[in-house]
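Chains as they are written, first to last, in our numbering: chain E, 1 to 338; chain W, 339 to 676; chain F, 677 to 1005; chain C, 1006 to 1334.
Hints may contain errors.
[Stated by the list, open to error] Listed next, the in silico DSBU-like pairs over lysine-lysine satisfying Cα-Cα at most 30 Å (straight line):
#1 E/LYS180 - F/LYS720
#2 C/LYS1321 - E/LYS269
#3 F/LYS980 - W/LYS607
#4 W/LYS387 - F/LYS980
#5 C/LYS1321 - C/LYS1309
If you are wondering where the hints come from, they were derived from the structure by calculation, not from laboratory data.
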Amino acid sequence: MNEAIKHPPRTHSEPLTVGTAEHRRALLQQMMLVRRFEERCVELYQAAKIRGFLHLYIGEEAVAVGAMQSLEPRDVVLATYREHGHALARGVDPGAVMAEMFGKVNGCSRGRGGSMHLFDVSHGLLGGNAIVAGHLPMAVGVGLASRMQRTGSVAACFFGEGAVAEGEFHESMNLASLWKLPVVFLCENNSYAMGTAVERSEAQTDLSLKASTYGVPAYRIDGMDVEAVEQGVRGAVAIARESGPVFVELMTYRFRAHSMYDPELYRDKQEVAAWREHDPITLLADRLRAAGDLDDDALAQMELAVTETVDAAVAMAETGELEPVDDLTRFVHAEATR
Amino acid sequence: MNEAIKHPPRTHSEPLTVGTAEHRRALLQQMMLVRRFEERCVELYQAAKIRGFLHLYIGEEAVAVGAMQSLEPRDVVLATYREHGHALARGVDPGAVMAEMFGKVNGCSRGRGGSMHLFDVSHGLLGGNAIVAGHLPMAVGVGLASRMQRTGSVAACFFGEGAVAEGEFHESMNLASLWKLPVVFLCENNSYAMGTAVERSEAQTDLSLKASTYGVPAYRIDGMDVEAVEQGVRGAVAIARESGPVFVELMTYRFRAHSMYDPELYRDKQEVAAWREHDPITLLADRLRAAGDLDDDALAQMELAVTETVDAAVAMAETGELEPVDDLTRFVHAEATR
Amino acid sequence: MSRVTMTYREACRQAIREAMLRDERVFLMGEDVGAYGGCFAVSKGLLDEFGPSRIRDTPLSESGFVGAGIGAAIEGMRPIVEIMTVNFSLLALDQIMNNAATLRHMSGGQLGVPLVIRMATGAGRQLAAQHSHSLEGWYAHIPGLTVLAPGVVEDARAMLWPALQDPDPVLIFENAALYNSEAEIDDPPPVVDIRSAAVRRHGSDVTLITYGGSLHKTIAAAEQLASEDIDAEVVDLRVLRPLDDATIMASVANTHRVVVVDEGWRTGSLAAEITTRIVEQAFWDLDGPVARVCSAEVPIPYAKHLEDAALPDVDKIVHAVRRTLGEGA
Amino acid sequence: MSRVTMTYREACRQAIREAMLRDERVFLMGEDVGAYGGCFAVSKGLLDEFGPSRIRDTPLSESGFVGAGIGAAIEGMRPIVEIMTVNFSLLALDQIMNNAATLRHMSGGQLGVPLVIRMATGAGRQLAAQHSHSLEGWYAHIPGLTVLAPGVVEDARAMLWPALQDPDPVLIFENAALYNSEAEIDDPPPVVDIRSAAVRRHGSDVTLITYGGSLHKTIAAAEQLASEDIDAEVVDLRVLRPLDDATIMASVANTHRVVVVDEGWRTGSLAAEITTRIVEQAFWDLDGPVARVCSAEVPIPYAKHLEDAALPDVDKIVHAVRRTLGEGA
Ligand SMILES: Cc1ncc(C[n+]2csc(CCOP(=O)(O)OP(=O)(O)O)c2C)c(N)n1
Ligand SMILES: Cc1ncc(C[n+]2csc(CCOP(=O)(O)OP(=O)(O)O)c2C)c(N)n1
Ligand SMILES: [Mg+2]
Ligand SMILES: [Mg+2]
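Go ahead and model the full structure; you've got the sequences and the hints to work with.
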């Protein structure tokens, strides 16, 4: 392995407090759902059922699945264009997500958003934002509303490490800290922003240092270990709810290309292979097996359940209606006002 | 004095290496020129000879005067709308500066810029920028051109502490550091951005900490002591020329209102009075007297010289022509291209 | 109901005060709105009355706090975000266009952004190129926004409340040259909608269409023209998006001649949109070409004589009207 | 001179290559222009050829690196700054409007900003609201800028060099739907200016004015109309600022009927400016109202049938022409 290769994390920051076998199996199944769902998306993209940009989360499932565990229904999630995992882990109907990517009216954004703009207000999912760092200021505002209305809700804002270079990161961290807002900044550090390795985008690659200059506590977590993520983010959410913003850096990796158009000239196959050895799904499955909490049968059953869910999602997408073209200009403004 | 009051700096970061008596007197006279020039501007503003926004540097003279000492002719200066001091200390003809504020064609920007937009390319002064932090990215580009063309020139970029909260600060610091560009970021920390005290704009008020998260060396200097400024900035410029960006925080204070329209509701008279005790001109004059390098006569002579310079500047402004109205659309593009 | 005399500035302040009193979800956020009293003194005194949580000073971070306004609006608050001037709003344009104006549609109607953004606009105070933009017409290009430009004290007083009632984002442009203008207005203020233009002067010879900072110049021009026996109708758009086509076309149908006055740069001005709509909807009513009086295509210079030359004024309007009436048909 | 066949993408790449070879002050800077090969693969291979100093990958900091381009340009370099797409350029608007477009004037002619900013623009690829803007016409509002929109492979190949020779900032908008289009062009490319429009099809019944991504749709519409015995002239603006009024008016004088096709949102579109100029300069040549075919006033939706409905297409152009010819006079 050469110098430029990014190494998967080897250790956890804190000793793990392990959950019940049932909970751990649920985590596994959720990650499997995200994985299989996206693998199906690739097929459907190739079949031209899904169009536009499609950014896969494959390899990073532990982050969204682990992070969502500690969020309450009243909490709000804001994510990037790479947010299928977040939507599913947050409990959005997989059928509504798939239908969205098919551009159908039963999609979670009525087909107007597509893969990059999954919305589900009933699950507190405020998108799916496709402007890098564009949702960070919004997360600050969500936190502000929470404080002003004393709802106790937390804004969980996911973004890639590439977003850290944008001015919006800086402005948002400062505002959130200055006003002590309940915002958890969840930085999914997968080492690359499209083809730009973090060393070539950040003069200081220890991103947690950046957080400290805003007076924001920072944690770095092994983002391939869903239980480490769950535990770390649980702590962060608790702090945010109580006292103010927290920055969490989740060390992860995308196994696939940036999007469907990426020839991946910028990274080594070896590097990808090394990270694949740390597949979050395998990691947890192995751990469960070692603890005697998972056998082939159980795994097969989980696969089956996941496949059924994905099949049902695709069926819902296939059978969904297209919105009438005459409705094109609906939702530019609220219905009553024009 | 209450808690909220900002205290003037009391100590220097490094022992002073004192210059020759002649040089010290030159520093004093330059500061006096800036002071008297601006005092005259106030009168001329009241007489409606100068219009628009007028931001006074009174109290902060040591910063520009001290900082300019180590810059070479090939170096480039970028400043804010509060830049009379920078223009004068850089050697721009006071008459051209005054004529600019009169809106005359013999002004240093032909009357098109006014107080906030003093330009003099022959002195390497690239403005006078009135968008807070708007010139920081440009300074990065100046540094980039210097590196790519191997000219050895340095970009000296002055800005207020208020600019630190803007995204442009973040993006510029990161870029300059990533590319190791010869840029000196000179933060004139006068405790206020208009009416906003730095504690209410920065979650972390130790601004040098911020610099370190970009891997940029940072220095804090007593900005009321022109010799400390000269010495500190000289070191910073040397580092920048050699190896990469430097951040310098200059602790200073504006004795006057933010602009001509500011009722100063946000700060205590006592606080202003306390800082006036540290007037940079008095400080240096007293030091010179103590060293036997200045007496009443010498000071009177300097005052006279300064007054003459300011009088001549006003005369030049008064007698300058207005540009013909037909020339309105000149300089939107270079002459030859349209 | 009584009559009170107040300045445009005071009208803006009273509108904010009243909204804050009526609806506790309303708060004001922006640079120096609190301790400083507002860069145009609009919010002076409000910090004392409402405290720092509802009169919220922000750091210099236009993108950050505009975005924060969007997030807060989505989550049930009714923020009034003040951007000191339109010149700095460019730093927040991504938030305005890609989030505020877009979220409802992109989410298939789930989200709404009931946000009001106020900003000062306009030239004429010798502030030079970076502080003299008139971009309200430019903003009117963006679907999803409502764009207001109160040109009279009464509208400055009355338009904020309906703007806050709008479930979608509303931008309010206050021409800085108007803050000191004074008028006697109804108290309590009349209920206005934020959909319709107002005819400020009735006339039959020519329609002058304008808004905001150019309104008073246009009315003055109309009065001067009256002394030449030219009877001009003055339409104050007030709402730059959506445009009130009905009022415009009704006037054109009456006068057959149009001059549009707009402080924006000529090319791509709102005046071009107005002209084009008239061509599309009332071409056969026209007795001659529509004329525009706009700003010259230059970054606004500092020197007064050059700045004056760059901006619409009474003379230029009068001339344009004369030329328009002198032409053809 | 010979003929070569290449794609629009390849033409963009060759133009950059050639400029870098001709002038060592030229360099390319932007997100993923290097190791990734450019988000539209325009700069693929250039990093190997020219190295990381001249093919300069930047962090995600649009305001920062556009501003850096301005500074470098002032100091003697000839930067080509790539903003991946116009959608992200909003983050750099302050730098573009308040610095690049303004510095020469504000400094009384002392400074020049010989900077070229390239960006992809346009919708039609199901990228939804935040990735489908067509703002090139909107940018054409800003004095101090030159705005180009090459619509054919030849112009993509030929316009960069004159843009780099311009002592002032030039924005080049490449419609992303064109990158795969292919054409046989002259090699070496012809010398083009960046001041004039091009008549792509001569005709006498109606003038169709368009540019960029709508050019091919418009030509297709003209061909369809030809089969109905309607002979349309197609004017490709190419240069959106300054507009080539002479070419436009000459065509109008010939045809007396005009349809403007523009992918921008209708209100405040470049089409409005064109219409208005025709009204101002050629009113008496018109046999009827000018028509516009623009994008619907919605954030562009993801679903294909809705996106299609929102954008200009051959059918809509053909219909607009028929309606225009059917009307009055
Ligand atoms: C402001 C902005 N600039 C550029 C882009 C194009 N773009 C989309 S994703 C991306 C990389 C983002 O990387 P990162 O933040 O690390 O997230 P990741 O894709 O790795 O999850 C870029 C450059 C964009 N969407 N928004
Ligand atoms: C982007 C932007 N926002 C707001 C303003 C209005 N404004 C002008 S000066 C100023 C305060 C700046 O404070 P600081 O940076 O500390 O500089 P100082 O005036 O203290 O020298 C503000 C808010 C501006 N010019 N630009
Ligand atoms: Mg990444
Ligand atoms: Mg300050």
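Status of each hint after checking the structure:
A threshold of 30 Å between alpha carbons decides the hint, and for E/LYS180 with F/LYS720 the separation of about 26 Å falls inside it, so the pair holds. Our distance criterion of 30 Å between C-alpha atoms is broken by C/LYS1321 and E/LYS269, whose separation comes to about 48 Å. Taking the CA atoms of F/LYS980 and W/LYS607, the gap is near 35 Å; set against the 30 Å cutoff, the hint is violated. Annotation: proposed proximity of W/LYS387 to F/LYS980 holds, straight-line Cα distance about 11 Å (limit 30 Å).
Straight-line distance between C-alpha atoms of C/LYS1321 and C/LYS1309 comes to about 17 Å, which keeps the hinted pair within the 30 Å bound.
Of the numbered hints stated above, those contradicted by the structure are hints 2 and 3, listed in ascending order.
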